[in-house]
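*Asks:* Just so we're aligned: the sequence shown equals residues 6 to 70 in my numbering.
Treat the hints with care, as some may be off.
What the hints assert, rightly or not - The following label-pair restraints were derived from C-beta to C-beta distances:
hint, residue 1, residue 2, range
1, Gly68, Val18, 31 to 39 Å
2, Glu7, Arg63, 27 to 35 Å
3, Leu70, Lys14, 14 to 22 Å
4, Glu65, Gly45, 17 to 25 Å
5, Ala50, Glu7, 16 to 24 Å
6, Ile35, Gly68, 14 to 22 Å
Hints are computed from structural coordinates only; laboratory data are not their basis. For each residue, glycine too, the CB sits at the ideal point set by N, CA and C.
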Amino acid sequence: MEKQAAYTKPAPVYPGYVNVTRDAADNFTITVRGDARESGPGALASLTLSESEWRDFRAELAGRL
Numbered sequence: 006m007e008k009q010a011a012y013t014k015p016a017p018v019y020p021g022y023v024n025v026t027r028d029a030a031d032n033f034t035i036t037v038r039g040d041a042r043e044s045g046p047g048a049l050a051s052l053t054l055s056e057s058e059w060r061d062f063r064a065e066l067a068g069r070l
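Construct the complete structure from the given sequences, taking the supplied hints into account.
*Replies:* Following this line, the structure appears as structure tokens:
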């Protein structure tokens, strides 16, 4: 079963967003899209982390932010 959480900025056209999805194998995919530009939607990037990489990333965030 896939689970996900997302945050989208309120904006009228092509708002930026961050989405995190956890799949049945406990891999986490982080997808980020930037705010819209005059030429269209913002840049899009995705990164997939294993469960242990995800835990390490969260610990790094907690220690730095």
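*Asks:* Does each hint hold? Answer for all of them.
*Replies:* Going through the hints against the structure:
| no. | hint | verdict |
| --- | --- | --- |
| 1 | Gly68 to Val18: 31 to 39 Å | holds, 37 Å |
| 2 | Glu7 to Arg63: 27 to 35 Å | violated, 19 Å |
| 3 | Leu70 to Lys14: 14 to 22 Å | holds, 19 Å |
| 4 | Glu65 to Gly45: 17 to 25 Å | violated, 33 Å |
| 5 | Ala50 to Glu7: 16 to 24 Å | holds, 20 Å |
| 6 | Ile35 to Gly68: 14 to 22 Å | holds, 18 Å |
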